[in-house]
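Residue numbers (the working numbering), protein chains in the order written: chain D, 4 to 366; chain P, 4 to 366.
Don't read these hints as lab results, they were simulated from the structure. Possibly wrong hints are sitting among the right ones.
One copy or two, it doesn't matter: identical chains are merged, so the pair holds either way.
In silico EDC-like links for lysine to aspartate or glutamate, alpha-carbon gap of 20 Å or less [claimed, not checked]:
1. K91 / D121
2. K8 / D46
3. K93 / D76
4. K8 / E26
5. K31 / D267
6. K302 / D313
7. K91 / E119
8. K185 / E49
9. K8 / D222
10. K91 / D230
11. K358 / D277
12. K98 / D277
13. K229 / D193
2 protein chains.
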Amino acid sequence: MLTNKLLTATRRVRETPFTPRVEAAGVKGYSVYNHMLLPTVFDTPERDYEHLVSHVQVWDVSCQRQIELIGPDATKLVQLMTPRDLRKTKLLQGKYAPLCDENGTILNDPIIIKLESDRWWISLADSDIKLWAKGLAFGQGLNTQVFEADVWPLAVQGPKAETLMSRVFGAQVQAIRFFHGKMLRFMDNDMLVMRSGWSKQGGFEIYLDDASLAEPLWDALFEHGKDLTVRAGCPNLIERLESGLLSYGGDMDDRHNPFEVGLDRYINLEADIDSISLPALRQLAGRHQRQLVAVMFDKTVEASDFLLRDKGEVVGNLTAAAWSPRFSQHLTYAMVNREWLDQHTEIEMDGVRGKILPIPGSY
Amino acid sequence: MLTNKLLTATRRVRETPFTPRVEAAGVKGYSVYNHMLLPTVFDTPERDYEHLVSHVQVWDVSCQRQIELIGPDATKLVQLMTPRDLRKTKLLQGKYAPLCDENGTILNDPIIIKLESDRWWISLADSDIKLWAKGLAFGQGLNTQVFEADVWPLAVQGPKAETLMSRVFGAQVQAIRFFHGKMLRFMDNDMLVMRSGWSKQGGFEIYLDDASLAEPLWDALFEHGKDLTVRAGCPNLIERLESGLLSYGGDMDDRHNPFEVGLDRYINLEADIDSISLPALRQLAGRHQRQLVAVMFDKTVEASDFLLRDKGEVVGNLTAAAWSPRFSQHLTYAMVNREWLDQHTEIEMDGVRGKILPIPGSY
Chain D
4 MLTNKLLTAT RRVRETPFTP RVEAAGVKGY SVYNHMLLPT VFDTPERDYE
54 HLVSHVQVWD VSCQRQIELI GPDATKLVQL MTPRDLRKTK LLQGKYAPLC
104 DENGTILNDP IIIKLESDRW WISLADSDIK LWAKGLAFGQ GLNTQVFEAD
154 VWPLAVQGPK AETLMSRVFG AQVQAIRFFH GKMLRFMDND MLVMRSGWSK
204 QGGFEIYLDD ASLAEPLWDA LFEHGKDLTV RAGCPNLIER LESGLLSYGG
254 DMDDRHNPFE VGLDRYINLE ADIDSISLPA LRQLAGRHQR QLVAVMFDKT
304 VEASDFLLRD KGEVVGNLTA AAWSPRFSQH LTYAMVNREW LDQHTEIEMD
354 GVRGKILPIP GSY
Chain P
4 MLTNKLLTAT RRVRETPFTP RVEAAGVKGY SVYNHMLLPT VFDTPERDYE
54 HLVSHVQVWD VSCQRQIELI GPDATKLVQL MTPRDLRKTK LLQGKYAPLC
104 DENGTILNDP IIIKLESDRW WISLADSDIK LWAKGLAFGQ GLNTQVFEAD
154 VWPLAVQGPK AETLMSRVFG AQVQAIRFFH GKMLRFMDND MLVMRSGWSK
204 QGGFEIYLDD ASLAEPLWDA LFEHGKDLTV RAGCPNLIER LESGLLSYGG
254 DMDDRHNPFE VGLDRYINLE ADIDSISLPA LRQLAGRHQR QLVAVMFDKT
304 VEASDFLLRD KGEVVGNLTA AAWSPRFSQH LTYAMVNREW LDQHTEIEMD
354 GVRGKILPIP GSY
């Protein structure tokens, strides 16, 4: 999983307000996400996983940047960008919503959060959606400001997350529903706290908008979490594969449409909304040629070229793979030829049997 | 310069067709640039520099992605994106051209290459300009395709670059003028070769458009360059600072306008062209409050917080720093308050004298 190469520090790859604490916690690896550092491992991926599913972790996910749309046309613009119907979104509610272009291909898969009637955050996966939003707004003459907000999300994830968050933010966190948020107080500052995060272990994301509070917030979580075995963590490959969370840039990118990766239920094909991608998506629905699936192998398959082969013939490509403790299987995701898929429920590679299944869980 | 952290390999951070050769050459560090691996060091930055200014190096700069605009409105679109007048651009000529938005701020500083009368490449610095171009095109209803081309530039840089390139591509490379290109043949394939590259040591960039030729091309350059001491290299901080080459995301980003970083000569304020940023830039010209300068210190200054202080008062921030063998000075770039700049030609930090100078050289 790790290369044996070092990541060169440059100003172009941004640190976060939490980086000093992440470093002090002994981070071992990073990736780069939205031009910003994303921690990737603290102990080993396997031990990070075991801890995540048992206790509570604090994750620096500042790289999940917020693109803010504000102004009279902000709601029009955000709806143009996604084929998911946003009309009934409540204040401080988040919706997982693929962004698609006029061809129906996926440009990002963010959480879209409604802050006020004419103010939204697009909480991003890894692509410069600010440029897409700015281009559309300028091109169509929309009255909307578009900018990257000075906000650095910190995720608190794991089965003990609610206990820890209650100690730091008060019992009111318990009333927050999944993908909803409240403005909660920390050191005399109100900040958005949502029940969300890129794991299925339960937890919250704190949308910190004052960098000077980053280290105090981190420290408060660790101070109150000692008996909960709190530690620093990060999005974990094993957990996200078991939980069915997709990675933009990994499992899908702007060569795919939402149907190919099973995001059908976030596309409101019949909605009477003005969304750039809906005309194309209505044509594409049910007609896609590829499908993202899970393939679970009885034991680890070496697929160094990341190709999926059926009797030597390439029928798809793997997008990610890890040994799954939950399933006791080598769990891979693969983008496969749909015609082949219709005729197969199993595959054998290198003498190892693999079951073809839908992507586990759902968002 | 290097962190002691590892870069985690994921599919989201793309390898290039040259990565196997880069790895075999012993690359020691990477950065991530346009979601792709960018090698950053092979020996030490100092020894990489000494070799680059003396011999010839082969650089995998595949991450300098090409955004292709093609169609009846491609020329209109590319001109909308830059305040540099592109009307007299010749076929296969490249122009360094800042891309600016309607506020005059910089979104990227690519080389724009004219391939055909209605076909252009934007050879990118590190931001997803495809999304900006697509947004503008869609918003304004322009008849242009916008996509990332399957092209992986390989740079051949250093004083012996022309000798090496002549051996591989023939003597006709010698007739190529700076920032101009020719279609040249390698293994029965024509590819664009330009006299360009992110160093001032002379050299070329080969715009490879067939991944299967990547390793043969790399090998041919090494085979023909043995007596020229050819080796693998990469953009080098020391050399680029001595040569006055700016880094988008480092020295400037979308909080700056071109005047602040001295790109005035690439802005055709008087041109009768339809460019999104020109109205704003005409207002901004001469009125900017900050200026990027070089500050040369007699010896190395420790500025771990990257702030420039005059008698304790912050007057700017450093954007990059390295010891310069050519100037025998600690060469830094700094964005400084212009009012302060008008009254100072020197600065003293931590007891070390610094001379304030324009950015060396010019593009």
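For each hint, the structure was consulted:
1. For the homomeric pair K91 and D121, the shortest alpha-carbon distance inside one copy (14 Å) is at most 20 Å, but the shortest distance between copies (44 Å) is not.
2. When the C-alpha separation of K8 and D46 is checked against a cutoff of 20 Å, the pair qualifies both within a copy, at 18 Å, and between copies, at 13 Å.
3. Taking the closest pair of Cα atoms, K93 and D76 come within 20 Å of each other only inside a single copy of the chain (18 Å); across copies the shortest separation is 41 Å, beyond that limit.
4. Proximity of K8 and E26 under a CA criterion of 20 Å is satisfied in both settings, with 18 Å inside one chain copy and 9 Å between copies.
5. Proximity of K31 to D267 under the C-alpha cut-off of 20 Å is found in neither arrangement, the shortest distances being 37 Å within a copy and 43 Å between copies.
6. In this assembly of identical chains, the alpha carbons of K302 and D313 lie at most 20 Å apart only when taken from the same copy (17 Å versus 63 Å across copies).
7. Proximity of K91 and E119 under a CA criterion of 20 Å is satisfied intra-copy only: 13 Å inside one chain copy versus 48 Å between copies.
8. In this assembly of identical chains, the alpha carbons of K185 and E49 never lie at most 20 Å apart, being 33 Å within a copy and 52 Å across copies at closest.
9. In the homo-oligomer, the alpha carbons of K8 and D222 never lie at most 20 Å apart, since the shortest distance is 31 Å inside one protomer and 23 Å across protomers.
10. Taking the shortest alpha-carbon separations for K91 and D230, neither the intra-copy value of 41 Å nor the inter-copy value of 70 Å comes in at or below 20 Å.
11. For the homomeric pair K358 and D277, neither the shortest alpha-carbon distance inside one copy (41 Å) nor that between copies (57 Å) is at most 20 Å.
12. In this assembly of identical chains, K98 and D277 lie within 20 Å of each other by CA distance solely inside one copy; the values are 18 Å within and 39 Å between copies.
13. Taking the shortest alpha-carbon separations for K229 and D193, neither the intra-copy value of 25 Å nor the inter-copy value of 64 Å comes in at or below 20 Å.
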